[in-house]
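J.: Sequence:
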Amino acid sequence: LRIITNKPDPTAFDSFVDITYKNGSDVDDSYDLSAMANIPISDNFAIRLVGFTAEDGGFIDNVNGDSVPYGIFNNAGQERENFNSVEYKGGRIAARWFMNDDWTATASVVYQDTYSNGRPEQDITTGRELAVARFKPDQEWDDQDWTQYALTFEGDLGFANFVSATSYFTRDWTYRQDTQTYAAYFGTFCYGTYLGYSPYCFQPEGQGAYYNDPIGFLQNAQKDTKLAQEFRLSSQGDRLDWVAGVFYEKAEQDWTFDTLTDGYNQSQAYANWLAGRLGPVPTVDPEGAWWQSGDSTDWEQYAVFGEVTWHINEQWDLTVGGRWFDRSTDKQYYVENPRGNLVTTGADGQPGFLDLPATDSDFVPKVSLSWQMNDDMLFYALYSEGFRPGGTNRTRTEFSFFPRQYEADFLKNVEFGTKMVLAGGRANLTATYFNMKWDNYQLEVIDPSNVPCGAPNAQPAPLCGQPFQVVVGNVGDATSEGFEVQLDALLSENISAGFNATWLDATLDDGFNFAVEVPAGSRLPLTSEFQGSFYFQYDWDVDWFGGRADNAYARLQWSYTGDSLNQIEPIPADAPAPQYLQPSYDIGDFKLGTGGEDWSVQLFVNNLTDERAILFDNPFELDNFFGKRRQTINRPREYGIRYIKNFR
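Each residue of the sequence shown is one higher than the last, beginning at 1 in my numbering.
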């Protein structure tokens, strides 16, 4: 996704203020305030300032509830109303200098800080919608702030246009999440005679294995930086258009992940460590962290790209292009169990960091042919390729079925499409058929090493009886085939309408049976077979507020998203991490607005029918193992007003 912002303009002063307020019966107040000023400094230099602050009101309550079945705790005193609010603030400053008729320079800085309380999740086993029963609601938050610096030079060299684009990005990101059931699941690995030899006995030292009620949370602290440089030449001619360039990128990422439980330092598990029954005696206080993993990764990429379009005649164009890239990864990964006790081994076989280097180098081509049948009809065919780089899993044990590193997967895409202007320019139609083939498809799956040894479909020891973990694996090939259509039309002088729709068949080409059989032809997760939307808008002239308002409109829009699967493995509902069919949903919005030359006001209702859309039925936090449910949900119905004022 590429976002192109408005550039500073030295020809005229311009500014605006944009204010939005909304509320609803099941949601707290929300607001959004932004402002912009374009300030000419001279006839060839200008700056543009943008600032914003916003808050999305919370709509999830933290209600009273018990921990796991047969647990001894409840979360009395931790009740909260609408505790999942999100706060945003940030801004952008840009300066543009027209050095002469042929050259410009643009510099910009963008900053944003986002702080989220809680999560937009519900647990219907609490007995109501829009509620959860967290034990540490104040320890569930997400804090991100990022800054991007950019410098761009554009110039006319005579034979070609030149662009140099430099950017530097930095982000600090820390989040915490309540993991009560997650910790309790690992506590099930504490049983019988295993009591004195388990790292997962979170009960107080000396308590029996029947106790399993740990209260905990996880934390991830991450730092990202990225430097990118691109040089690009382009030219347009009567017979040939071409683009050529080089690209360089260097990125760094460091994160530390902790899983903590209350009272861990007084637990049976920590006593087992101190007794030397699980390995070296810890020499550092874990401060409640029974697991820590960390990662330090450097990426470096070089790329060369180019594209040529041949205007064969007035109707036919042939485009041929491609991108060669070389991407290297230098990764160090470690696990401490508990924190302070390094359990991963280095190249010398001693406790240390795992070095996980990797390289990806390939060429991805692009070929397209277009036919301009007449001024109103264009048809095209396209073949292109792409890839997703590999990565590293945060495995909880060295005995995982899938390797710590997963490989890149590659996409081959074929498209046929058309763009039409119909009804004498009163309607636009676009339609596309696509067929995408994924080779070595990356998919998030449950590692089969958690199947008990000796059970049906269990892997050979030691790849069985391991703790539950979710990993990314290369599971084979997959196909995504579909058709998209969009129509926008002016039905009369006052009425406009439109719709778009996508039909999709996304399936696995090759079946697999790591622990649960997934046959060929299985539907890929998180994909709807159909989704679509429509809008209907009526515009009319008015003479309101003493002539200050000269136009008005009313707009109704509706979207539909078909059902989807939360994961590909058909795991039954009574298992720890079941497959669920996420139901279809439809959401409608209504807007009524008016305005004049330099202002506008809008009344709106979002989610007219107060639809509860299950965006993700999360099987990976082990809530289901204890009869709970974790579902990401959309925002309830909200009523609001928006006002925009321009100053010129």
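What the hints contain is simulated information worked out from the structure, not anything from laboratory work. Check each hint, because a few of them may be wrong.
What the hints assert, rightly or not - Restricting the straight-line Cα-Cα distance to at most 20 Å, the calculated cross-link-like pairs of lysine to aspartate or glutamate (EDC-like) are:
1) K89 <-> D43
2) K226 <-> E252
3) K226 <-> E205
4) K226 <-> E79
5) K136 <-> E481
6) K412 <-> E300
7) K250 <-> D362
8) K223 <-> D113
9) K437 <-> E385
10) K136 <-> D172
In this text, all values refer to a predicted model and were calculated from it rather than measured experimentally.
J.: Each of the hints needs a verdict: does it hold here or not?
T.: A quick look at each hint next to the structure:
no.: 1; hint: K89 <-> D43; verdict: 32 Å, violated
no.: 2; hint: K226 <-> E252; verdict: 6 Å, holds
no.: 3; hint: K226 <-> E205; verdict: 47 Å, violated
no.: 4; hint: K226 <-> E79; verdict: 41 Å, violated
no.: 5; hint: K136 <-> E481; verdict: 44 Å, violated
no.: 6; hint: K412 <-> E300; verdict: 24 Å, violated
no.: 7; hint: K250 <-> D362; verdict: 18 Å, holds
no.: 8; hint: K223 <-> D113; verdict: 14 Å, holds
no.: 9; hint: K437 <-> E385; verdict: 9 Å, holds
no.: 10; hint: K136 <-> D172; verdict: 23 Å, violated
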